[in-house]
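Protein chains: 2
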Amino acid sequence: MPATERIFTAALIVIGDEILSGRTHDKNIAQVASWLQVQNIRLKEVRVVADDPPAIVAAVNALRATNDYLFTTGGIGPTHDDITVDAVATALGVAVVVHPEARAILEAYYATRGGLNDARLRMARVPEGADLIPNRMSGAPGIKFGNIFLMAGVPTIAAQMLDALTGTLEGGAPLLSETVGCWVAESEVADLLREVEKAHPGCQIGSYPFFREGRTGANFVIRSTDAEALASCLAALGNGLHAMGKDFASGGI
Amino acid sequence: MPATERIFTAALIVIGDEILSGRTHDKNIAQVASWLQVQNIRLKEVRVVADDPPAIVAAVNALRATNDYLFTTGGIGPTHDDITVDAVATALGVAVVVHPEARAILEAYYATRGGLNDARLRMARVPEGADLIPNRMSGAPGIKFGNIFLMAGVPTIAAQMLDALTGTLEGGAPLLSETVGCWVAESEVADLLREVEKAHPGCQIGSYPFFREGRTGANFVIRSTDAEALASCLAALGNGLHAMGKDFASGGI
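If you read the protein sequences in the order shown, they are chains L and V. Just so you know, we're using the numbering used here here: the first sequence kicks off at -10 and counts up by one. Just so you know, we're using the numbering used here here: the second sequence kicks off at -10 and counts up by one.
Treat the hints with caution; some may be incorrect.
Any copy, or any two copies together, can satisfy a pair, since identical chains are not distinguished.
Unchecked claim - Pairs of lysine to any residue residues, derived as SDA-like cross-links and limited to a Cα-Cα distance of at most 20 Å, are as follows: (1) 16 - 144; (2) 16 - 39; (3) 187 - 233; (4) 16 - 28; (5) 187 - 42.
In short, the hints are calculated from the structure, not lab data. Keep in mind it's a predicted model, so treat the numbers as computed, not measured.
Assemble the whole structure, with the sequences as input and the hints as a guide.
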């Protein structure tokens, strides 16, 4: 198999009672998903788990073994409910240690902000053997350990950490996509979608219906790693919609 | 244990490549989480999985056994990529059949909308033995099978289905909460939070920092099923913040 056909996968664990209670609306799933697309890495699964060590340990061990990369968001701050580092260390079977560089970063950051107390020093704790992910926004770094990346739960800080990782992870074949939008009930064109997908191996067609301006419509997203197959599939779908007398918009509506 | 102390739990599986690709920002996690709070059911875990039958089957079997209720969103429409019913039937070890009442609903709905074709009839397919969840918006019903509830992926339709289920599921002890907001770095009050939580068994304190208007703040959310313990914990936290000279706002900021 050519190197470009190797598919790299990732999973994400969102850690936090506040997401499961509905108090906080997660923004990290979409952010990490979009970022991974650009890195040519496929997000295969997301789990949202509580601030509960056994739940985190189980999710980490289930997902790190079956994916090229594992990301977590949440639970790396200074308070008692920030338990991600301990849970991940348990999952990995390693100790938790204070990372000297993280300590130095925090000492510098808090030098003009009241000094480094015990709570703040918690943010220098890492699973033994881990490296740091820079965080220009609030000092406290993210953590990388092998194929695992621990990031902040605050979306703007997680974004900084993703930015620091941009271009550093090996990705695979880019997943290309084309979107066709049509003011049609998807149930009218379901046969066409199925037949076009079947006739174009290596292409998947997703159908995403919506209700807008009092009308029914759908966007059809074709995905493939093969540019020629994608173009051929797109043309076949367009021809099929045209033959049914349906107007459609390339790029979606 | 008194009946009111029984905790009822739920899990949610969000099914759809469009969430994992970042194309669509999920709205169902927060919606289901908030709805479950009102039903006095705890959302324990969420998994977002691809339009991939083995992934759905694995998630359904993992989560239905360990929770009182299991909800899914997505994949119950008329097109080829709507595979939730088949995957759930596989997980349950039952056949897929056309539900007569669902067929009648769809026939009535599509009578003035072009008639019931094969694709639309797909939306009457259910795991054998299932009941329906009404959907006033688009005709196609949701599906309930034992403790499993299959709902639409379109958030407005999922909302209708949740509405139809309101008050029909047994819940447990209400999880009460109080929020205290403070313009403080959480790392300044981490010791206080830990000590107050430790002194109030049955109460959990979550700390949710934010950056706003150029300042650092945090909301502290105390959760408990015991109203007296909650009030006592809230008072202790307020006293502690006061003793540190920190202003705070009941209800959060």
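Going through the hints against the structure:
With identical chains, the CA atoms of residue 16 and residue 144 are at most 20 Å apart both within one copy (6 Å) and between copies (16 Å). In this assembly of identical chains, residue 16 and residue 39 lie within 20 Å of each other by CA distance both inside one copy and across copies; the values are 16 Å within and 19 Å between. For the homomeric pair residue 187 and residue 233, the shortest alpha-carbon distance inside one copy (19 Å) is at most 20 Å, but the shortest distance between copies (67 Å) is not. In this assembly of identical chains, the alpha carbons of residue 16 and residue 28 lie at most 20 Å apart only when taken from the same copy (19 Å versus 25 Å across copies).
In the homo-oligomer, the alpha carbons of residue 187 and residue 42 lie at most 20 Å apart only across protomers (17 Å), although the nearest pairing inside one protomer, at 45 Å, exceeds that limit.
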